[in-house]
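Trainee: The listed protein sequences derive, respectively, from chains A and B. 1 is the number of the first residue of the first sequence in this note's numbering; add one for each residue after it. 1 is the number of the first residue of the second sequence in this note's numbering; add one for each residue after it.
By construction, these hints were calculated from the structure, which means they are not laboratory data. Check each hint, because a few of them may be wrong.
Unchecked claim - For lysine to aspartate or glutamate, the following EDC-like pairs were computed, each having C-alpha atoms within a straight-line distance of at most 16 Å: (1) A:K65 to A:D39; (2) B:K152 to A:E47; (3) B:K326 to A:D69; (4) B:K403 to B:D415; (5) B:K326 to A:E113; (6) A:K9 to A:E113; (7) B:K326 to A:E56; (8) A:K53 to A:D69.
The structure presented is a predicted model; accordingly, all values stated were derived computationally and were not measured.
Now for the letters of each chain:
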Amino acid sequence: MSNIPGDLKYTKSHEWVRSLADGSLEIGITDHAQHALGDLVFVEVPEAGRQVKAGEACAVVESVKAASDVYAPFAGQVTQGNPRLTAEPETVNSEPYGGGWLMRLKPAAGALEAAEFLSPAEYQQLVAAEGG
Amino acid sequence: MAFIPHTAADVDAMLRTIGVERIEDLFDEIPQPLRTKSLAGIPEALNEMQIGRLMSERARRDGLQLSFLGAGAYEHHIPAAVWAIATRGEFYSAYTPYQAEASQGTLQVIYEFQSMIAQLTAMQVANASMYDGASATAEAALMAVRANRRSKSARILMSATLHPHYRSVARTATANQGLRFEELPYDRGSGITDLAALKAYENEDITALIVPQPNFFGRLEEVDALTDWAHAHHALLIGVVNPTALALLRPPGNWGTSGADIAVGEAQPLGVPLSSGGPYLGFMAARLEHVRQMPGRIVGRTLDSAGHEGFTLTLQAREQHIRRAKATSNICTNQGLLMTAATIYLSLMGAQGLKRTAAACHARSRELSAALGRLPGVRVAFNLPHFHETVLQLDRPVAPLLKALLGRGIIGGLDLAGYYPELGPALLVCATETKTAADIEHYRQALAEALQAARAA
Chain A
1 MSNIPGDLKY TKSHEWVRSL ADGSLEIGIT DHAQHALGDL VFVEVPEAGR QVKAGEACAV
61 VESVKAASDV YAPFAGQVTQ GNPRLTAEPE TVNSEPYGGG WLMRLKPAAG ALEAAEFLSP
121 AEYQQLVAAE GG
Chain B
1 MAFIPHTAAD VDAMLRTIGV ERIEDLFDEI PQPLRTKSLA GIPEALNEMQ IGRLMSERAR
61 RDGLQLSFLG AGAYEHHIPA AVWAIATRGE FYSAYTPYQA EASQGTLQVI YEFQSMIAQL
121 TAMQVANASM YDGASATAEA ALMAVRANRR SKSARILMSA TLHPHYRSVA RTATANQGLR
181 FEELPYDRGS GITDLAALKA YENEDITALI VPQPNFFGRL EEVDALTDWA HAHHALLIGV
241 VNPTALALLR PPGNWGTSGA DIAVGEAQPL GVPLSSGGPY LGFMAARLEH VRQMPGRIVG
301 RTLDSAGHEG FTLTLQAREQ HIRRAKATSN ICTNQGLLMT AATIYLSLMG AQGLKRTAAA
361 CHARSRELSA ALGRLPGVRV AFNLPHFHET VLQLDRPVAP LLKALLGRGI IGGLDLAGYY
421 PELGPALLVC ATETKTAADI EHYRQALAEA LQAARAA
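Bound conformation, chain A alone (with noise of 0.2 Å):
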């Protein structure tokens, strides 16, 4: 059974994004995505500073069985890559909600009203109908 934390809301492809007190938001994936990977040995984050476009591939975790790209759950400008995955990439899969957060992006006008998100009681019947 996965963990699914309530305060937070969720994309179709697997990240989950948290709203923090200076306007960004924080974005990661989530302990089903960090469990169906397996244990990670890289994590690729992006630079500050960068524009992404919503559904953009912005972040590469790679495990030993796998490489997945991590999207853009909408448009905005990258303030921070967690700088702490480079030489620890195993925090995504011991804290996926905590200190295994990706990216901060602070979003473009209007681009959390077009973006699509999960509440986490939709996330969990996504994650039930993929057998997890």
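Mind docking chain B on chain A? Use the hints.
Mentor: Then chain B, alone, in the frame of chain A:
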């Protein structure tokens, strides 16, 4: 002799099973205008006897000339054991087998090759080989664009003293990927990259700088200054190096204050014979921090579940069978056989043997340069140290002289007219350890007579 095991009856049975009438129907989804019925310029098939005869006639035409031609491919002595071992059934394949880990011997050879290349170049990681030096250079430029995340321009500076074929292959191979190449001129007196030309790029966003060592003229570039300039301007430094020369010269990992970022080159000098242009063998090494941007395969040493040492393909998540269209390259281990020969060559020569070979090349090349440079109408073009090649400037066109020499069984070198017309009549000559004092004297005499005959005509 039929090499395809299926009879017409077998094929019919298979087609019936899947409900298709003719094999051609399987290709229905390819639109008619895109289909090629026959290939223009490709003759009808020959049988084994006919092809054997044709090839031996062609091989005889190559002959056994005395060659003073280098220009990127070098004649070296190859110990007889190299190909006796490389052609054993256990090794005699161009590829790593599917289910690579079942072939531990093959993987170990690749691992040893990588270790030797890393040691020769003083870089932290090397891959399982590339197609050749030219395509390795192109791949290094693409890799630099991926690795230098600070640079947005995909602008690559390369010295005009880099092999002309490498420069054109780099442009061709990356033509659809948005890279822009610009050339740095060389100093006419010394034949090396003009450092003053870098001034124009001081405030520009440059992704990488490509520097050959030794350069196409055989001269030694100021690699420390070039490496430091690149790093001071946030560009990566790509060294294109000759593996034999590395036995004597400072390796790219130790250039400048912080060393080159990527080193590539042609490994043909390591046990691969000259053969009408190939197949040859490229190599690539890099700093560890760039390993995930590196093309090609990498073999690692590890322990199995019982604690025994074993070899395995590693970092495969960058590769095309996992990353599909986003793979770092489509290079596999296609030069596996030549890589095997190079590994055996290096292990037979050892560090001391390679050093002695390189020193002998340098000595022969100096003797050649001194002997030919004394002839009337001939002068040695540049004034700095060289490795095993040098440029001679002549008082008349080179092509007729080379033709006259060929008539006497001597390949006299490369006419630079088509590559560096600004040098006037110029000839690139090379001598490796395979040339004796008598060979050099023979060439000197033949060139003297050819010049005399040309003058009299």
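Trainee: None of the hints should be skipped; say for each whether it holds.
Mentor: Each hint, compared with the structure:
The straight-line distance between the Cα atoms of K65 (chain A) and D39 (chain A) is roughly 9 Å, inside the 16 Å bound, and the hint therefore holds. Between K152 (chain B) and E47 (chain A) the alpha-carbon distance is near 12 Å, which keeps this suggested pair within the 16 Å criterion. Pair hint K326 (chain B) plus D69 (chain A) holds up; C-alpha atoms about 10 Å apart against a cutoff of 16 Å. At most 16 Å may separate the alpha-carbon atoms for a hinted pair to count; K403 (chain B) and D415 (chain B) meet this at roughly 11 Å.
Between K326 (chain B) and E113 (chain A) the CA atoms are separated by roughly 30 Å; this puts the pair beyond 16 Å, and the hint is violated. Proximity of K9 (chain A) to E113 (chain A) is assessed by CA-CA distance (about 13 Å); at most 16 Å being required, the pair is judged to hold. Proximity of K326 (chain B) to E56 (chain A) is assessed by CA-CA distance (about 13 Å); at most 16 Å being required, the pair is judged to hold. Taking the CA atoms of K53 (chain A) and D69 (chain A), the gap is near 14 Å; set against the 16 Å cutoff, the hint holds.
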